[in-house]
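S.K.: Chain by chain, the residues:
Number of protein chains: 2
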Amino acid sequence: MDHTLVQNRIQTVLNTNPHSAELLEAIQPLQPYDISQIIGHLEEPEQLKLIPNLPIPVAAESLEYLEPEVQYNILQHLDNSVSSLLLKQMSSDAVVDTLLAIHPYQAERLLRLLSEDYRLQINQLMSYPEYTAGSLMTVDYISARAYWSCSRTLEHIRKVGHEAEIVSYIYVTNVRGELVGVASLKEMILASLDTTIGTIATTELISVPAEMEQEEVAKILSRYDLYALPVVDTQKRLVGIITHDDVVDVLEEEATEDFQMLGGSQPLEEPYFKATVWNLYSKRIIWLLVLFVGGAYTSNVIESYQSVMNQVVALSFFIPLLTGTGGNTGSQIVSTLVRALGVGEVQFSDVFRVIRKELITGTLIGASIGIIALTRAWMMDVDPNVTYVVSISALCIVLWSSLVSAFLPLMLHRLKIDPAVVSGPLITTLVDGTGLIIYFTMAQLILHI
Amino acid sequence: MDHTLVQNRIQTVLNTNPHSAELLEAIQPLQPYDISQIIGHLEEPEQLKLIPNLPIPVAAESLEYLEPEVQYNILQHLDNSVSSLLLKQMSSDAVVDTLLAIHPYQAERLLRLLSEDYRLQINQLMSYPEYTAGSLMTVDYISARAYWSCSRTLEHIRKVGHEAEIVSYIYVTNVRGELVGVASLKEMILASLDTTIGTIATTELISVPAEMEQEEVAKILSRYDLYALPVVDTQKRLVGIITHDDVVDVLEEEATEDFQMLGGSQPLEEPYFKATVWNLYSKRIIWLLVLFVGGAYTSNVIESYQSVMNQVVALSFFIPLLTGTGGNTGSQIVSTLVRALGVGEVQFSDVFRVIRKELITGTLIGASIGIIALTRAWMMDVDPNVTYVVSISALCIVLWSSLVSAFLPLMLHRLKIDPAVVSGPLITTLVDGTGLIIYFTMAQLILHI
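So the sequence lines, in the order shown, correspond to chains A and U.
Position in the first sequence (first residue = 1) + 1 = my numbering.
Position in the second sequence (first residue = 1) + 1 = my numbering.
To be clear, the hints were calculated from the coordinates, so they are not data collected in a lab.
Just so we're clear, the structure is a prediction, and the values are computed from it rather than from any experiment.
Among these hints, one or two may not hold up.
Repeated chains share a single entry, so a pair holds when one copy, or any two copies, can fit it.
[Claimed, not checked] Straight-line Cα separation of at most 25 angstroms, BS3-like style, residue types lysine-lysine; simulated pairs:
1) K187 to K284
2) K187 to K275
3) K417 to K284
4) K284 to K220
5) K417 to K358
6) K89 to K160
7) K160 to K275
8) K220 to K237
9) K358 to K89
10) K358 to K284
11) K187 to K160
Take the sequences, apply the hints, and build the full model.
M.R.: Here it is as structure tokens:
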């Protein structure tokens, strides 16, 4: 959606008559996400004029999409009464995210705007370690005691429903606060009003402990196609729920990390343009240095085979081509396997199946590349024996690279190390030197030097 | 969850007394996904004994998780009356996925089990092209005419709700079937029974055309944190809805494709173990050959600088190290940028910001690598001038690789080509030859040869 026109219109109204009906008319067709995009482009005085004129639920949801610093700035400059209402209306996981991202002193100021009860809840939520179920969850869910009737539960929903993030599911707890079931709003409507909620609730439900890692949570939610996942503490008491939209974010984050690791970099902790040059540098240089120092042994390999190269200079022509092919083959395999391990398609127990499959594929690929290499070396008009060396080496290097690339990610996964550390560059560096040894050994054997 | 114990228990019951209460007791704590995993491990006669003993909604959902061929096999061997009920209960997008995956002759047999009306709907759904909104959507939604009262709508939900995939939202249409709003079940409950649904529905809603690409659909649903997205035809008539769980699958699929492409392979169309050796071979060999042929020019570069190398043999020692470093730097950058383009963090209009950022980072990285290269060359006890050549070349190669890797993905994105074709291996190959030219040119300048 192109926001420029609407934004201009809104700016004009804000700077002339902010309380007019025209403002609401301009805003009305927009989704909260779109409003947040416009707010992001307004000057601060305009932002502060716009927000109080929006319906509270719309303003609260729009705020959630903004950067923490922008949220703080707006909340801090608005009337305290308005800010309190907005913070109360925002979903608790969004409030926690913001409070954790801004300076503790700023967070303290915002916390003071909350009611005593809510502040305690938020403080509790802030205490869960990052990247766990607890850090993802919201407390804006609806729960009911098992002995409540449907009509009492509906009454409860009417009272607190406007603050809940979802109302389609009602979480049922016993007197100790333990989660004992879940009922859908649909089932409640289909039941008669005096039925107790405990009897219509499903008692076989999936919940996760607050300390579970977010990646695991995301997998469970998407495997079971759930809309929301209840979170319990060590005493099985319901403490929050995680909704599907947060999980999409987690899956995206994890995929982004794996991408960056596969490219041979430590994962960035922030979006690309948020990352400073220093962030980029420090995440990248570590692996580059490891690879550089690790790759330095290629120099020793070449030096030690110098006499071979001196006798047949043409051998040097094909060094980058052969090492490159080994690296490319490996890079294809590790990217496929790292992803397959990540989404759970492959386990360590499959190691022999994987190696077998990759070696057969590698034979086909090595043979094809070998034939092309033969043609290529022949085109360069070098000693026919050198063409054989290049061709046979290409086949052997592809096979060797396939073996290493099939084994290593599975092995690391087994050792509970993220297999994405076997990046394309790492595998390239690993097979560069060994590929050269294969090449020069072949040369010695075939050329009798 | 470990299914082996439960599976053994279920198998024992099935083979002795399949109609006993013990079977249901064993099954009851399980989610449909878990049941599907067990069904997948049973023998066919056991599968056919188990399914009819499950409650229809549970059996239908469990079936959805199985492979199309397994689904077909079960549905085809069960009593026609049972199969009809199951197909009716399964969500329509799952039925369509299965029908499209099995042989048309088999699909025809299953279609005959559907009622006339439903068959028409399914045929309609099957006609949408793959990877579009139409192919993802289900027709199991609840819609109401705008003039209906809440009580009439609730009546309608009670009648058709058990077949709907979601009931939390009611899609409101006018007499021409055009989508005019959406009402949540919660709003309906909060409203009085004689309110017309049209008055409580939100009229500003997001819908997508049936022909929209699935990647775009997934982005919209996750950007706006929606639970479901209505799909309309060219006349704006409501034809289906897409639910959040399908979108998670799409996002995962797209990420997997990008992974494989970044690794330098064409994306596989099936999970790893489903892919045959021939699939793997044909997806990989194309790029390997392109890269091999493209990389072959490195041989010409080395050949043409043969006289330089003959004079200073030590230059050859550092060839793999320098080309490797150029490739590694490039690989880090393209993986970060391809992902950032994929999730919409970066656009072509940012090209100068990106290049600037990468060149500054590249200078820092190049300087660091240059210093290490100096140390490394000095350790190998070669001519000091060669150490300068290696060190300065390392800096220049890193900078050159940064420039190419920053520009190329953005350029391709601009040209509507998937930027993931700029794989690590492609960038490595591209900067291998140019890196060598930089290296030998530096050698000529510094060593005066």
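S.K.: Could you run down the list of hints and mark each one as holding or not?
M.R.: Tested hints:
Proximity of K187 to K284 under the C-alpha cut-off of 25 angstroms is found in neither arrangement, the shortest distances being 50 angstroms within a copy and 47 angstroms between copies. Taking CA atoms no more than 25 angstroms apart as the test, K187 paired with K275 passes in neither setting, with 44 angstroms inside one copy and 39 angstroms between copies. Taking the closest pair of Cα atoms, K417 and K284 come within 25 angstroms of each other only inside a single copy of the chain (22 angstroms); across copies the shortest separation is 30 angstroms, beyond that limit. Proximity of K284 and K220 under a CA criterion of 25 angstroms is satisfied in neither setting, with 27 angstroms inside one chain copy and 28 angstroms between copies.
In the homo-oligomer, the alpha carbons of K417 and K358 lie at most 25 angstroms apart inside one protomer (24 angstroms), although the nearest pairing across protomers, at 35 angstroms, exceeds that limit. For the identical chains of this complex, K89 and K160 are intra-copy neighbours only, at 15 angstroms inside a copy versus 38 angstroms across copies, given an alpha-carbon limit of 25 angstroms. Within a single copy, K160 and K275 get their C-alpha atoms no closer than 41 angstroms, and across copies no closer than 52 angstroms, so neither meets the 25 angstroms cut-off. Proximity of K220 and K237 under a CA criterion of 25 angstroms is satisfied intra-copy only: 21 angstroms inside one chain copy versus 36 angstroms between copies.
In this assembly of identical chains, the alpha carbons of K358 and K89 never lie at most 25 angstroms apart, being 56 angstroms within a copy and 40 angstroms across copies at closest. Within a single copy, K358 and K284 get their C-alpha atoms only as close as 34 angstroms, which misses the 25 angstroms cut-off; across copies the closest is 14 angstroms, which meets it. Taking the shortest Cα distances, K187 and K160 sit within 25 angstroms of each other both inside one copy (18 angstroms) and across copies (12 angstroms).
Hints 1, 2, 4, 7 and 9 from the earlier list are contradicted by this structure; the remaining hints agree with it.
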